[in-house]
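These protein sequence lines are chains A and B, in that order. Start counting the first sequence at 1; every next residue gets the next number (our numbering). Start counting the second sequence at 1001; every next residue gets the next number (our numbering).
Among the clues, some could well be false.
Stated by the list, open to error - FRET-style restraints, in silico, Cβ to Cβ: (1) A:I152 <-> B:K1048: 15 to 21 angstroms; (2) A:P65 <-> B:G1110: 53 to 59 angstroms; (3) A:K187 <-> B:T1249: 34 to 40 angstroms; (4) B:G1110 <-> A:K69: 56 to 62 angstroms; (5) B:D1074 <-> A:E114: 22 to 28 angstroms; (6) B:D1274 <-> A:T262: 24 to 30 angstroms; (7) B:T1249 <-> A:S33: 44 to 50 angstroms; (8) A:M67 <-> B:N1078: 29 to 35 angstroms; (9) B:N1078 <-> A:H29: 33 to 39 angstroms; (10) A:Q12 <-> B:R1003: 28 to 34 angstroms; (11) A:P65 <-> B:S1189: 57 to 63 angstroms; (12) A:K180 <-> B:D1074: 36 to 42 angstroms; (13) A:S175 <-> B:F1064: 57 to 63 angstroms.
As the list claims (entries may be wrong) - To give an idea of the interface, some chain A residues facing chain B are shown, with a C-beta separation under 7 angstroms as derived from the structure: (14) H88; (15) I91; (16) L92; (17) F101; (18) E119; (19) K123; (20) N127; (21) L132; (22) H135; (23) P138; (24) H145; (25) Q146; (26) Y184.
Think of the hints as simulated: they come from the structure by calculation, not from any bench. Built from N, CA and C at the ideal position, the CB exists for glycine as well.
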Amino acid sequence: MNYHLKAESGVQLLARLNSHQSTAGLEEHLFHSGPEPKETIEIKGGPSTGKTLLLTQFIMKSILPPMFKDIKLNGLNVGVILIETDSHFNILKLVNLMERFILKKSTSKGITIEQEDIENLIKSSLNNLFLLTCHSSPELFVTFHQIPSLLIIHPSVSLILLDSVAAFYQQDVRSGGIRKIDLYCRKLVQVLQKCVNDYNVTTIYTKPSFFQSKSSILEEFSVEPKVGKINRRIELKFHESESNMFVATIQNSNSSTQVMYTINNQGLKWIKMKTSE
Amino acid sequence: MNRLDSVKSPLLSESVLQNLFSKKIFTVQKFLEEKPDRIASISSLQIKDVITLRESLITQFSAFVKKGVDEFLDLKDNSVELESGIECLDNLLGEVLRTGNIIEICGLTGSGKTQLCLTIGVNNSLRRNIIVHFIDTSLGNFTGDRIENILENKKLTKETIKDAMNRIKITKVRTMDELVSTLHQLKTSLGNQETCCRLIIIDSLSGVYLPMLNEADNDGSCFMNHIASLMRFISKQFHLLFLVVNLATKVFDPEACLEHSDEAPVEPNTPFKDLRPLLGRYWLHVPSTRLLIHRIDDRNLHDTTRTISVLKSSSIPIFSSCSVTIAKEGIVQSETND
Chain A
1 MNYHLKAESG VQLLARLNSH QSTAGLEEHL FHSGPEPKET IEIKGGPSTG KTLLLTQFIM
61 KSILPPMFKD IKLNGLNVGV ILIETDSHFN ILKLVNLMER FILKKSTSKG ITIEQEDIEN
121 LIKSSLNNLF LLTCHSSPEL FVTFHQIPSL LIIHPSVSLI LLDSVAAFYQ QDVRSGGIRK
181 IDLYCRKLVQ VLQKCVNDYN VTTIYTKPSF FQSKSSILEE FSVEPKVGKI NRRIELKFHE
241 SESNMFVATI QNSNSSTQVM YTINNQGLKW IKMKTSE
Chain B
1001 MNRLDSVKSP LLSESVLQNL FSKKIFTVQK FLEEKPDRIA SISSLQIKDV ITLRESLITQ
1061 FSAFVKKGVD EFLDLKDNSV ELESGIECLD NLLGEVLRTG NIIEICGLTG SGKTQLCLTI
1121 GVNNSLRRNI IVHFIDTSLG NFTGDRIENI LENKKLTKET IKDAMNRIKI TKVRTMDELV
1181 STLHQLKTSL GNQETCCRLI IIDSLSGVYL PMLNEADNDG SCFMNHIASL MRFISKQFHL
1241 LFLVVNLATK VFDPEACLEH SDEAPVEPNT PFKDLRPLLG RYWLHVPSTR LLIHRIDDRN
1301 LHDTTRTISV LKSSSIPIFS SCSVTIAKEG IVQSETND
């Protein structure tokens, strides 16, 4: 007889018991049925291509409940931790998007809801959002280590967002940090991944388009979630010929998809899909 | 970097520190990245103490957790929406001039960047009764004179002019180092006083950035990073708005520019593809909104009309614009505007 005992640490046990809900259905235009738990996703793009806005939309989708008074909101009702370094995220923008979204959903169903109800719904949803604002690189790294305990206290959290990885790079280089941008970025994400590895959470981070080494080799995407690897990249760009039109390229280990979108006061609006191998 | 020392925790005794240092664990960050059992074996601390130590270091040095709902209520109560005082620009910008943001005004030389800043500063001092800090990097005393000039041309009483002037504080800054220390001073003084400062104008950031680029040990980007972090902190902490002036240059050969690694890339197929804001690629992502002020006709130097276009924003469609005129009383809405 071969006795094979699988030991798990107390943290792993707690994580399993508290199993964080999946973030499947976060944005079907980008992920289809995913993202899978424990995935790491990179969002890359130039200024004004909507990186932070996309994150704001992810937060809205995550923290809203699936239903509210017979209105289908399709929210995931999970918690979100947002680590902010760029301070571009604006909570008033989030609230504004949520208001517009709820109103749109309710009018399309022909139901009128009181302003007060909307406000209460938004406030209770915002209880599921945890903000960590970092002003220096040492603070950021210590903050990563705080996340495990936050995840234990708040088992509803399923999504970790970091906006963005580039905020302290120049200062870090000056104080003797890693100079090669790709390596810097990988190391930083790796520390975060190690901290959340025991938990069923999805990690998404943003990266400005300039933030890559000159001799950048295209990184391979890992199929399985793995520390030090990313599973998906969403690249946001201006459309080459049409103005006020953008293209998102979603890459993972086996496919590359393109989605066009525009940006208006309701956020990013997806238009059509083209699939290419 | 946070070096480990006995001040951070009583558990970090001299011998424990020595053991950790001998294994090259010098900083809090490095300490947290190691597994607790490894730390215990290196430092000869008990595992229980290592865990306590980890927790105390995390609470001391990590960011404060804020619930989304608290942040929302805080902003709702404390943040203020400022105005430019120029009707068409306010209509265009909507809620963009809200405190907690960094806004950039860029343009070619002589396009009216300073005029726009002065107008916004004066209008807010007049209408909102707020303190405006004007950090001036130019030579000479033009700024103060022009502020007085704008106010006098608005046909106000002497008393009002005096009050408004009193609320605008001008600081002269010559170098990047002086700018950094001015911001640090503001960080301390804003925390101490009750006076309500809601607007800080830096005219111009490129003025102190460019001279640095020729220095042998070029650390322009590091300073920009430092200044950006400081500005973000101040704008959020004290609920105020930063208005930063940046120079733009005309690109004659976009391909030659790509050779320079730290310059902003030019987006193809956009209306202002031959214009490029300075201050490097890092800065490009820092302001939440970027406005471009430019002449409609480059050759007519006596033309006082200007167009203000949005180059970067998360809430207004980019490249939307409005038309203004530079007049004696500052920048006003163009009359032809409908």
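Hints, one by one, checked against the model:
At roughly 18 angstroms, the beta-carbon separation of A:I152 and B:K1048 lies within the given 15 to 21 angstroms, and the hint holds. Range check, A:P65 to B:G1110: about 55 angstroms between beta-carbon atoms, so the 53 to 59 angstroms window is met. Taken as a hint, the range 34 to 40 angstroms holds for the pair A:K187 and B:T1249, whose Cβ atoms sit roughly 35 angstroms apart. Separation of B:G1110 from A:K69 is about 58 angstroms and conforms to the stated range, judged on CB atoms against 56 to 62 angstroms.
Our hint of 22 to 28 angstroms for B:D1074 and A:E114 holds, since their Cβ atoms are close to 25 angstroms apart. The beta-carbon spacing between B:D1274 and A:T262, approximately 25 angstroms, falls within the hinted interval of 24 to 30 angstroms. Taken as a hint, the range 44 to 50 angstroms holds for the pair B:T1249 and A:S33, whose Cβ atoms sit roughly 48 angstroms apart. Hint check: A:M67 to B:N1078, Cβ distance near 34 angstroms, so the stated range 29 to 35 angstroms holds.
The hint said 33 to 39 angstroms for the Cβ distance between B:N1078 and A:H29, and at roughly 36 angstroms that hint holds. The given range of 28 to 34 angstroms is respected by A:Q12 and B:R1003, whose C-beta atoms sit roughly 32 angstroms from each other. Checked against the given bound of 57 to 63 angstroms, the beta carbons of A:P65 and B:S1189, roughly 45 angstroms apart, lie outside it. The beta-carbon spacing between A:K180 and B:D1074, approximately 39 angstroms, falls within the hinted interval of 36 to 42 angstroms.
In this structure the supplied range 57 to 63 angstroms is violated for A:S175 paired with B:F1064, their Cβ-Cβ distance being about 24 angstroms. A cut of 7 angstroms between beta carbons decides the hint on A:H88: the least distance to chain B is about 6 angstroms, and the hint holds. The beta carbon of A:I91 is positioned within 7 angstroms of a beta carbon in chain B (closest approach about 5 angstroms), and the interface hint is therefore held. A least Cβ separation of about 6 angstroms between A:L92 and chain B falls short of the 7 angstroms threshold, and the interface hint therefore holds.
This hint is violated: A:F101 has a C-beta 15 angstroms from the nearest C-beta of chain B, more than the 7 angstroms allowed. With a cut of 7 angstroms, the hint placing A:E119 at the interface with chain B is violated, because the nearest CB-to-CB distance is about 10 angstroms. The interface hint given for A:K123 is met, as the beta carbon of that residue sits about 5 angstroms from the closest beta carbon of chain B, less than 7 angstroms. A hinted interface residue such as A:N127 counts as satisfied when its beta carbon comes closer than 7 angstroms to some beta carbon of chain B; here the least separation is about 5 angstroms, so the hint holds.
Because the beta carbon of A:L132 sits about 4 angstroms from the nearest beta carbon in chain B, less than 7 angstroms, this interface hint is met. With a cut of 7 angstroms, the hint placing A:H135 at the interface with chain B holds, because the nearest CB-to-CB distance is about 5 angstroms. Interface hint status for A:P138: upheld, as the beta-carbon distance to the closest one in chain B is roughly 5 angstroms, under 7 angstroms. With a least beta-carbon distance of about 4 angstroms to chain B, the hint placing A:H145 at the interface is held under the 7 angstroms criterion.
A distance limit of 7 angstroms between C-beta atoms decides the matter here; for A:Q146 the minimum to chain B is near 4 angstroms, and the interface restraint holds. Annotation: interface hint on A:Y184 violated; nearest CB of chain B at approximately 13 angstroms, more than 7 angstroms.
In summary, the numbered hints that this structure violates are 11, 13, 17, 18 and 26.
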